[in-house]
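Colleague: Each protein sequence line maps, in turn, to chains C, A, X and V. Its first residue numbered -12, the first sequence is counted upward by one per residue in my numbering. Its first residue numbered 30, the second sequence is counted upward by one per residue in my numbering. Its first residue numbered -1, the third sequence is counted upward by one per residue in my numbering. Its first residue numbered 11, the fourth sequence is counted upward by one per residue in my numbering.
Check each hint, because a few of them may be wrong.
DSSO-like, lysine-lysine: derived pairs with alpha carbons at most 30 Å apart [said to hold, decoys possible]: (1) C:Lys459 <-> X:Lys26; (2) X:Lys44 <-> C:Lys320; (3) C:Lys255 <-> C:Lys153; (4) X:Lys101 <-> C:Lys115; (5) X:Lys26 <-> C:Lys255; (6) C:Lys101 <-> X:Lys107.
Don't read these hints as lab results, they were simulated from the structure.
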Amino acid sequence: MTTRTQSVTAQPRERLYLQLYIATTLAIFVLMMLAGVVMRAVQGTYIHMSPDWFYQIMTLHGAGMVGIAGLAGVSIMWYFLRRYVSLTPGLFLANLILFIIGVVMILGAILLGKFGGGWTFLYPLPAKSMGLWSHNAAAAYVGGLLVIGIGFLLFYLDVARALLAKYGSLGRALGVNQLISGRIDTDHPPTVVASTMVLIVNTIGTLAGAVILVLTLVNLYYPTMQIDALWAKNLIYFFGHVFINATIYMAVIAVYELLPKYTGRPWKVTRPFLAAWSASTLMVIIVYPHHLLMDMVMPDWMLVLGQVISYLSGIPVLLVTTYGALVQIHHAKVRWDTPAKFLILAVFGWAAGVVPAIIDGTIVVNQVMHNTLWVPGHFHFYLLLGMLPMVLGFLFHISRHENETTKDRSVGMGFWIFMVSALLFIFMFLYSGVMSVPRRWAEHLAAWIPYDQWAALFGLVVLLSMLFFTVKLLARLTHIRLEA
Amino acid sequence: MTVVAVSLGLLAWWQTTQGFRAFTWESYRRLKIASHPLAVPNVLLQDQFGHLLDLNSLRGKVLVINFIYTRCPTICGYTGLNLSRLQRMLLQRSFQDRVRLLSISLDPHFDTPQKLKAYMLRFSNQLKTSWQAVRPVKPLQGQEMQHQLGVVSIPDGIGGFTHNAATHLVDQKGYLVRIIDEDNLKLTIDIIARMLLAAKTGINHDG
Amino acid sequence: MQHLAWYLTLIFIGLLIVIFVSFIFSSKSGESYEEVARRDYRHRQKLFWLVIVAGVIISVTTLLPWPHSATTNPANEKVVQVVASQWHWELSQQQFHSGDAVKFEVTSKDVNHGFGIYDANMKMQAQVQAMPGYTNTLHYTFTKPGEYKVLCLEYCGLAHHNMTTTLTVLSAR
Amino acid sequence: MTDNFRQAMFVMLVPVIIISHHWLETSMTSHMAVQLPLLVFVGALFAGLLQTYSPRLVVFGQRYRISLLLYSLFTISLWMLPRLLDAALYQSSIAFLKWLSLPLAGISLVLCWRHLPFVLRGILHLELLATLLRLGWLYLIAPQRYCVSYGINDQQQLGHVLLGYAAVYGLFLASSVLLGGRRAN
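Work out the full structure, taking the sequences as your base and the hints as a guide.
Modeller: Here is the structure:
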């Protein structure tokens, strides 16, 4: 089944690209975490910062984290998918280059142009800063997102080409035909299934992004061309939701591919596996109205859809990936090396993050929880304790020595410190949400400040442990193997 | 080759949109006029009293021209209101002798002098002022003028017209120099003031 | 409601922790995969149906009656116009009596805002989005007297966190 | 499409477009959403026919694929401007350019298309889809008229039609990659 189309000579070049991806990923993750800790410290009055800078840093943190999660996801998806289909190295690199160009534009917009419209650039805020930032700054930000989007699109279209070349249709690659015929091909790689799902949803998401980003740009320079704020909100949340969701669906490939290496057990496609991924493809596309539950002007059926689908979309996660990972380790002689630990933590973080997400996706709860710190609480759960550990597990695995026998105790320690501090950090968000603390506030009421101070401290520990992992991983960058 | 093609393409866009500023005919027309004033053709007109006059006979005065039709249920009412407001502003500044306001009918067959008079009376009880409602005596001549100025009126299917409503400013030499949104009275009066000043000091000013 | 959400979250995450820890501890002894998989996957289908049935019950109980509809007779509601703009609130009425059922008609002049009602203990009671070009309605009944606060709950720029106002709720008439 | 079918279509369409031109230009919807695409389509048909008779054109298309693509992209994007829609009615030079440049855009698009890499073609498909959505949306909700020659109802109708085109086109693209039985390469 496995075809290797890359010639041996092409390998060093691709390895170099991967190293560039990893170095970029680690650097931006650390910097954005720093931005996040600074925000919590400002809210906790440990640091003084004017609100304009707070909101600029908030915009940076949001855009930077979403972008880098996407880039990290792409590197994982590319790393494993190229074992099954032939991908174009140049486009893998092009994505990175466009990403960096976009990042520079966004940095310029925020740091020089003082753009602070939030990463969601919710129309018409970018055009209405009350004099704080110029239209050019807003355009640089929106343009930066557009450039990054084009980069991802190039990569996904290359994936589409490669998948079509091998499987003939995306339906086949996703395994829909196997579901219909009932004949399950257990050799069909889970990586291909996940990649196809991500390709489909993210292409549609990018399309929505391309519509709203360009119209936002048009509106900036031709204010008479106004668009409808509710439609704009729908498109933005659709685009944003799909993109950030897809980062986890890309990263989880590392769990499918690597966990079996530590448990000695195979992870093959099954009927529920294929059904779950097909269902997820659809649900990730239609679940976004759960961001709009407090827009009473939305059609009621869409709000019902938002609540019901946000519940349903937890099921595939729980019953396929979580259940599968647990069966992987159940009474297995697992080699509990660092990567295995991170991967299991990641599955836990994803599954656990679903809980506050589903609860907030219920309209009656959303009425008193929406746009409180509960919301960052839930997504930090599956990004900080789900998505990021998938990336770290992946990186520690592919950079380990061929015959690594001596365990690095310091990394083991770091793992526990990271896990505990991240959990505490997230619970401070969730608890603040319970206490009705609104999100995206530069200054907090006195009663809320103790939570912020604890959060800043826990966040600092998370940051330090991540910095430690980064140093370790950068030192091991030269050990990275494409066939690990 | 690619560079040449891209440059040519961008040049075509630049030319068509007046430097990425005009995407519609109306904005194109306004930008074009602002940079290249246009000699307004002479038209024989008839005012609300039935008097005949040549457009050319008004040379030496600044002309504020709007296009209307009296059956118009919506926009042309606002046009009239705006003009009466403008008229008051002109009085305040004592510009009234050097400026003429013209509402030119797009529907000369229907808009007889009586109809024009009735239209004027909707906005002002004084008929003998610097504001005249007129119709082209020869409809073809009127159409030719509209065509040259880029004014387009299309039948809306229920007896009226849809047209690009705007204030047209014609200078003392008979050149159309600016086209402005009808409700932008402040800009209108500012430009009129500049045109009058230019005539006084002899500075050639194209607005 | 907030505390219910909190305890449910703690219970379910706690449950997940217990499950993960017990599986991790099981991973010391080795058994054949086929045996384990056969045993474990038998329960998956049951779990699936359990989750579906629970989902139906949860959905029906939380969506009926429709959460956004008025709790009292709409004819008795006071109608209050709320206009948000960068960065202040304009309300047609800011003084109420305990027991007043109010229909807030919320809109915005410029960008998106969020209209959040907090009680005297700074606990959120209800919220709705304020959008340019749209009017969102929020039905809310004041039950306790005191100083209520309105906070902006959608990021709207530089002074987002200062966009607050006060509602005074007097004791019942 | 077989050559015979192409020939028949071409022979039929050319007189239809010429005869109907006045009628198609009376409404913004048919002008922009029917006549302009038809002009491109006729050019595309013509190029398809030419290619089968003159294999050298294939080589030509291969060699100048980027210039040909750029020409058609710039031309087609220019003709999406409301300003040119109006101008084509009032300025005979612009009308002449419309009848010349759009079929040429169709021709160059067909000549270069098969020589473009998959990823670029994908981007072009998606960008066209996004453009239909953007324009359709703008026309649908714009409070002012973008064309002086057509009424606001006409403009909104055009918005609906463009969004409809986008839906059909999107479904076509989706079904061809999701179901498409044939294998690329």
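Colleague: Hint by hint, note whether the structure agrees.
Modeller: Each hint tested on the structure:
Our distance criterion of 30 Å between C-alpha atoms is met by Lys459 of chain C and Lys26 of chain X, whose separation comes to about 28 Å. As the CA atoms of Lys44 of chain X and Lys320 of chain C are separated by approximately 27 Å, the hinted pair is consistent with the 30 Å bound. Distance restraint check for Lys255 of chain C and Lys153 of chain C: the Cα-Cα separation of roughly 19 Å lies within the 30 Å cut-off, and the hinted pair is therefore satisfied. Between Lys101 of chain X and Lys115 of chain C the CA atoms are separated by roughly 29 Å; this keeps the pair inside 30 Å, and the hint holds.
The suggested pairing of Lys26 of chain X with Lys255 of chain C holds, with an alpha-carbon distance near 23 Å, which does not exceed 30 Å. For the suggested pair Lys101 of chain C and Lys107 of chain X, the alpha carbons sit about 24 Å apart, so the restraint of at most 30 Å is met.
In summary, the structure agrees with every hint in the numbered list given earlier.
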